[in-house]
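*Asks:* Sequence:
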Amino acid sequence: MKKQASAWTELTFQNVSEHGMSTEDVLSRMIRFISQDPRTAYHFVIGTDSQVFRGYTKFVTGLVLHRPGKGAWACYRVVVVPREMMSLKEKLSYETTLSQELASQFEGDLLSRMEEPLLPYLYQGASLELFIDIDAGTEPVVNKTSLYVQEMVDRVEATGIFLARVKPESFAASSYANRFTKRPVRKVM
Numbered sequence: 029m030k031k032q033a034s035a036w037t038e039l040t041f042q043n044v045s046e047h048g049m050s051t052e053d054v055l056s057r058m059i060r061f062i063s064q065d066p067r068t069a070y071h072f073v074i075g076t077d078s079q080v081f082r083g084y085t086k087f088v089t090g091l092v093l094h095r096p097g098k099g100a101w102a103c104y105r106v107v108v109v110p111r112e113m114m115s116l117k118e119k120l121s122y123e124t125t126l127s128q129e130l131a132s133q134f135e136g137d138l139l140s141r142m143e144e145p146l147l148p149y150l151y152q153g154a155s156l157e158l159f160i161d162i163d164a165g166t167e168p169v170v171n172k173t174s175l176y177v178q179e180m181v182d183r184v185e186a187t188g189i190f191l192a193r194v195k196p197e198s199f200a201a202s203s204y205a206n207r208f209t210k211r212p213v214r215k216v217m
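With positions in the sequence shown counted from 1, the corresponding number in our numbering is that position plus 28.
Hints listed in this document are in silico derivations from the structure and should not be mistaken for laboratory results.
Among these hints, one or two may not hold up.
Said to hold, decoys possible - DSSO-like mimics (lysine-lysine), calculated; alpha carbons at most 30 Å apart, straight line:
#1 K210 <-> K86
#2 K172 <-> K98
#3 K210 <-> K98
#4 K86 <-> K172
#5 K117 <-> K98
#6 K172 <-> K117
#7 K210 <-> K172
Said to hold, decoys possible - Label-pair ranges, simulated between beta-carbon atoms:
#8 Q64 <-> K172: 36 to 46 Å
#9 L147 <-> G83: 41 to 51 Å
#10 D137 <-> K172: 37 to 47 Å
#11 D53 <-> V108: 19 to 29 Å
#12 L156 <-> Q42: 15 to 25 Å
#13 V109 <-> Q42: 35 to 45 Å
Ideal placement from N, C-alpha and C gives every residue a C-beta, glycine not left out.
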């Protein structure tokens, strides 16, 4: 009997230098990045941004492992919804859902594997902070999504694992993922 793969193992990721990375590929690259400097602080950030095109909406979720002031390793995945999502609340809610789904995959064993290289250096400054970036701002004049910010923050923080960040701190969504939403996809199902 063939073992059925979980949705997580079927995910593929890419970045500017690699395509078709599996979950294990992503995890091994993040662990390698942490192992290069295990005595420092890390921010593991997940954020999603979207772009509406004719006939579909493209969502890009970025995973960023950031050593503040010392570089980062990042990748992203693309999800295409075969309709134009015009409601700001619906798009922001779906962006938050995609980020939370990815974050939930790291709870438990995968997160423990990322923390392992840091454990011997906890008293020397090593740490791993977890964030979900919400691509929304709190200033109503500047950002129309401000009406929904608190609802999305509450959803993220209800899990108790990841902290929520919004603009201008939400770079994984508003800067990293945003860069990859602008190009149309070739084939929409």
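*Asks:* Now look at each hint and say whether the structure bears it out.
*Replies:* Results for each hint:
1. Restraint check: the Cα-Cα separation between K210 and K86 comes to about 9 Å, which is no more than 30 Å; the hinted pair holds.
2. The hinted pair formed by K172 and K98 fails the criterion: a straight-line CA distance of about 34 Å is larger than 30 Å.
3. Taking the CA atoms of K210 and K98, the gap is near 28 Å; set against the 30 Å cutoff, the hint holds.
4. Restraint check for K86 and K172: the C-alpha separation of about 20 Å stays at or below 30 Å, so the hint holds.
5. In summary, the hint linking K117 to K98 is not supported, as the alpha carbons are separated by about 35 Å, beyond the 30 Å threshold.
6. Our distance criterion of 30 Å between C-alpha atoms is met by K172 and K117, whose separation comes to about 10 Å.
7. A threshold of 30 Å between alpha carbons decides the hint, and for K210 with K172 the separation of about 20 Å falls inside it, so the pair holds.
8. In this structure, Q64 and K172 meet the distance hint of 36 to 46 Å, their C-beta atoms being roughly 41 Å apart.
9. Distance hint check: the CB atoms of L147 and G83 are about 49 Å apart, consistent with the given range 41 to 51 Å.
10. Here the CB-CB span from D137 to K172 is close to 39 Å, well matched to the stated 37 to 47 Å.
11. Between D53 and V108, the C-beta spacing of about 22 Å keeps the proposed range 19 to 29 Å intact.
12. Look at L156 against Q42: about 24 Å separates their beta carbons, and that is inside 15 to 25 Å.
13. For V109 and Q42, the Cβ-Cβ distance of about 19 Å falls outside the hinted range of 35 to 45 Å, so the restraint is violated.
Of the numbered hints listed earlier, those contradicted by the structure are 2, 5 and 13.
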